[in-house]
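Take a look at the letters that make up each chain.
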Amino acid sequence: MSSYLVGREKIREYASAIGEQAPICHDVEAARAAGYDDVVAPPMFAAVYSWPAMAPVVTDPDVGIDFSRMVHGGQEFTWHEPVVAGDEITTEAAFTNQIKQGELNVFTFTSRSVNQRGELVCEGTWTNIVR
Amino acid sequence: MDEHREVTVTPDRYLTYRYAGASGDFNPIHLDDEFATAVGLPGRILHGLWTMAQVARVHGEMAGDPLALKSLSVQFRGLGVPEQEITITSKAREEGVYATEAVQDGNKLVRRGRAVLRI
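Going down the list, the protein sequences come from chains E and L. Once you know that position 53 of the first sequence is 1140 in this note's numbering, the rest is easy, because the numbers rise by one and skip nothing. Once you know that position 60 of the second sequence is 84 in this note's numbering, the rest is easy, because the numbers rise by one and skip nothing.
Here chain E stands alone, though its shape is the one from the complex:
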């Protein structure tokens, strides 16, 4: 379990890096006019606020992934409540299973993120493939 404090400039920096130009992701006034308390995180910012919780689970020696041979095989997110600057997001990450597919080992992890009010903001399924 790990928590992440969402910064206004971090949202802007992230939105710029992915080419998201929606005013609600950059401009506080635009976000407030749309009914949000502050600038809004683009959905894929979920990868940023949930990674600090995922990292120790994915790198857990008991899971046993050989990182030199690992690739990110797949990703799924389902979004719920919006995330805005000032939110504190807590993510719980878990190792789900390991399946052998021919020569490949497929490791699946899940994440579940809630905000400071305990409202669900995002659920993720992360698939890593080890060759």
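For the record, the hints were derived by calculation from the structure and aren't laboratory data. All residues carry an ideal CB built from backbone N, CA and C; glycine is no exception. Some hints could be false.
[To be verified] Restraint ranges, calculated between C-beta atoms of paired labels, are given here: (1) L:Gly130 <-> E:Gly1173: 40 to 50 Å; (2) E:Val1150 <-> L:Val63: 17 to 27 Å; (3) L:Arg138 <-> E:Pro1110: 27 to 37 Å; (4) L:Pro66 <-> E:Phe1154: 11 to 21 Å; (5) L:Ala62 <-> E:Gly1106: 28 to 38 Å.
[Claimed, not checked] Derived DSSO-like pairs (lysine-lysine); straight-line CA-CA distance at most 27 Å: (6) L:Lys132 <-> L:Lys115; (7) L:Lys132 <-> L:Lys94; (8) L:Lys94 <-> L:Lys115; (9) L:Lys115 <-> E:Lys1187; (10) L:Lys115 <-> E:Lys1097.
Chain L: place on chain E using the hints.
Same frame as chain E, now just chain L:
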């Protein structure tokens, strides 16, 4: 809403550095050509989650609201590289559900994508 959309985006030469800073993912396979080549890659490669974010953004733009995206699932396959155009396609499957992929130079970076918009 469009039944079929195609959007192109070209990651510039320094994109992977900006995305590393924005996301916190400083894996050298994305930043260092020499390191990437030494581990058998063609050169430094794009972050898969950046490519997925392009697919997400295209669907948000279709709806006119980045938060209209309810869920997105993708498989990552080919390795993306900077300075080459990526084509993202999206086809309506049923109300609010789209099949999507991202292709660069014939190479599928994202395949079997499924995007669901709030309707």
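Against the structure, the hints:
1. L:Gly130 <-> E:Gly1173: 40 to 50 Å: Check passed, 44 Å falls within 40 to 50 Å.
2. E:Val1150 <-> L:Val63: 17 to 27 Å: Roughly 21 Å apart at Cβ, these two residues keep to the hinted range, so it holds.
3. L:Arg138 <-> E:Pro1110: 27 to 37 Å: holds, 28 Å
4. L:Pro66 <-> E:Phe1154: 11 to 21 Å: Since the Cβ atoms of L:Pro66 and E:Phe1154 sit about 20 Å apart, the hinted range of 11 to 21 Å holds.
5. L:Ala62 <-> E:Gly1106: 28 to 38 Å: For L:Ala62 and E:Gly1106 the Cβ distance comes to about 30 Å; the hint holds.
6. L:Lys132 <-> L:Lys115: Holds - the C-alpha atoms of L:Lys115 and L:Lys132 are around 16 Å apart, at most 27 Å.
7. L:Lys132 <-> L:Lys94: Judged against 27 Å, a Cα distance of about 23 Å means the pair holds.
8. L:Lys94 <-> L:Lys115: Holds - the C-alpha atoms of L:Lys115 and L:Lys94 are around 16 Å apart, at most 27 Å.
9. L:Lys115 <-> E:Lys1187: violated, 32 Å
10. L:Lys115 <-> E:Lys1097: violated, 32 Å
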